[in-house]
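**Q** Given next are the chains, with one letter for each unit.
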Amino acid sequence: MSLLPFAEWLAGTSGSIALHESLFMYPVIESVHVLTLCLFVGMSVLLDFRLLGFGLKKVSVTDITDRLLPLMFVGFFIMVVSGVLLFYAIPIRSYQSVWFRLKVIMLIAAGINAWTFHSTIYKRVHEWKESPVTPRRAKLAGALSLFLWAGIIVNGRMIAYNWFDCDMHQSKFIAWAAGCTAEQQK
Amino acid sequence: MDLLAFAGWCEASLLGTTVREVGWAFAVIESIHLLALSVIGGAILLVDLRLLGFGLTRQSVSELSRDAQPWQDISYVIMLVTGICLFSSEATKCYYSSPFWFKMGSLILVTIFTYTIRRRVVRAPEGKIGRPIAGLVAVTSMFLWFCVGAGGRWIGFSG
Numbered sequence: 001m002s003l004l005p006f007a008e009w010l011a012g013t014s015g016s017i018a019l020h021e022s023l024f025m026y027p028v029i030e031s032v033h034v035l036t037l038c039l040f041v042g043m044s045v046l047l048d049f050r051l052l053g054f055g056l057k058k059v060s061v062t063d064i065t066d067r068l069l070p071l072m073f074v075g076f077f078i079m080v081v082s083g084v085l086l087f088y089a090i091p092i093r094s095y096q097s098v099w100f101r102l103k104v105i106m107l108i109a110a111g112i113n114a115w116t117f118h119s120t121i122y123k124r125v126h127e128w129k130e131s132p133v134t135p136r137r138a139k140l141a142g143a144l145s146l147f148l149w150a151g152i153i154v155n156g157r158m159i160a161y162n163w164f165d166c167d168m169h170q171s172k173f174i175a176w177a178a179g180c181t182a183e184q185q186k
Numbered sequence: 187m188d189l190l191a192f193a194g195w196c197e198a199s200l201l202g203t204t205v206r207e208v209g210w211a212f213a214v215i216e217s218i219h220l221l222a223l224s225v226i227g228g229a230i231l232l233v234d235l236r237l238l239g240f241g242l243t244r245q246s247v248s249e250l251s252r253d254a255q256p257w258q259d260i261s262y263v264i265m266l267v268t269g270i271c272l273f274s275s276e277a278t279k280c281y282y283s284s285p286f287w288f289k290m291g292s293l294i295l296v297t298i299f300t301y302t303i304r305r306r307v308v309r310a311p312e313g314k315i316g317r318p319i320a321g322l323v324a325v326t327s328m329f330l331w332f333c334v335g336a337g338g339r340w341i342g343f344s345g
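Protein chains in written order, with the working numbering: chain A, 1 to 186; chain B, 187 to 345.
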């Protein structure tokens with residue numbers, strides 16, 4: 001199943017065209033998206049560091065989840081809204097970007113990682129929340145989260161580069177991974 | 187030596203040429219710059235938001251700032267080193283870019299502010315600094331860092 005027709009339809013809507021052509025809106029939205037990293041990933045990194053024992057060792061893990069996760073959610077909300085708008089402004093190229101596709105895969109993986117953490121080892125958090133040394137499962141979740149978010153940031157930045165764009169000649173593998181049509185690859 | 191000549195020298199240096207001519211170098215260094223941004227952002231916001239009464243309010247400001255200090259310093263150094271690499275690859279463009287100068291001005295201000303006034307306030311014993319002063323320091327810090335970040339992002343959009 002290809003979402004290309006949807007991306008093509010989206011690209012033809014007046015809102016998408018207006019956003020794409022606007023002199024200031026697109027850079028402003030992108031700046032918001034990038035700077036919100038400080039709030040969203042910044043806070044999530046603090047929790048990961050605590051889980052890995054890199055710092056905040058005297059702070060109870062539930063203090064961090066109770067007090068910092070709400071801030072993180074504010075950041076996440078801004079990220080999603082600005083991110084959707086950025087996609088909306090450039091739907092076809094984003095949909096056919098290998099970087100964007102990798103980013104989405106890693107986002108899903110980060111979601112699964114967070115969900116797994118919360119539904120397993122975090123259920124028994126009161127047994128280990130005060131301890132500076134966390135259980136192995138918690139450390140694993142922290143390390144995975146750091147790795148995935150770092151990957152998401154790097155992939156997100158790379159979307160801007162056109163090395164693997166469909167309107168350039170690509171290897172069979174990239175053309176397949178990006179979902180380039182035969183027409184584009186002629 | 188005037189600044190334009192200095193920019194030209196940076197661009198012609200081994201570092202500048204390498205970053206410019208190795209296809210992936212700029213993108214990779216820029217990504218590291220962004221990764222460090224997330225960490226420095228977290229370290230700064232943790233303490234600034236605490237000064238404003240948000241976040242980890244059960245811990246004292248000085249306790250949190252001691253925890254955040256190494257992350258702040260390490261990511262600052264990473265940002266500086268990667269920033270110098272990025273700059274040297276396109277120094278002349280930066281010389282003619284107003285967002286670049288805006289960013290550098292804000293960076294100097296925020297660095298001085300962070301390592302003098304803010305440092306003193308966040309290290310002060312509990313209750314010694316009034317809430318209005320603490321709030322003012324937090325807002326100033328966040329505003330100046332915002333100028334650095336927004337200025338940085340805007341270098342890429344202009345020219």
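It is possible that some hints are incorrect.
What the hints assert, rightly or not - Computed cross-link-like contacts, DMTMM-like style, restricted to lysine to aspartate or glutamate with a CA-CA straight-line distance of at most 20 angstroms:
id: 1; chain 1: A; residue 1: Lys57; chain 2: B; residue 2: Glu249
id: 2; chain 1: A; residue 1: Lys58; chain 2: B; residue 2: Glu312
id: 3; chain 1: A; residue 1: Lys129; chain 2: B; residue 2: Glu249
id: 4; chain 1: A; residue 1: Lys58; chain 2: A; residue 2: Glu30
To be clear, the hints were calculated from the coordinates, so they are not data collected in a lab.
**Q** Run the structure past the numbered hints and jot down the numbers of the failing ones, going up.
**A** Those not satisfied come down to hint 4.
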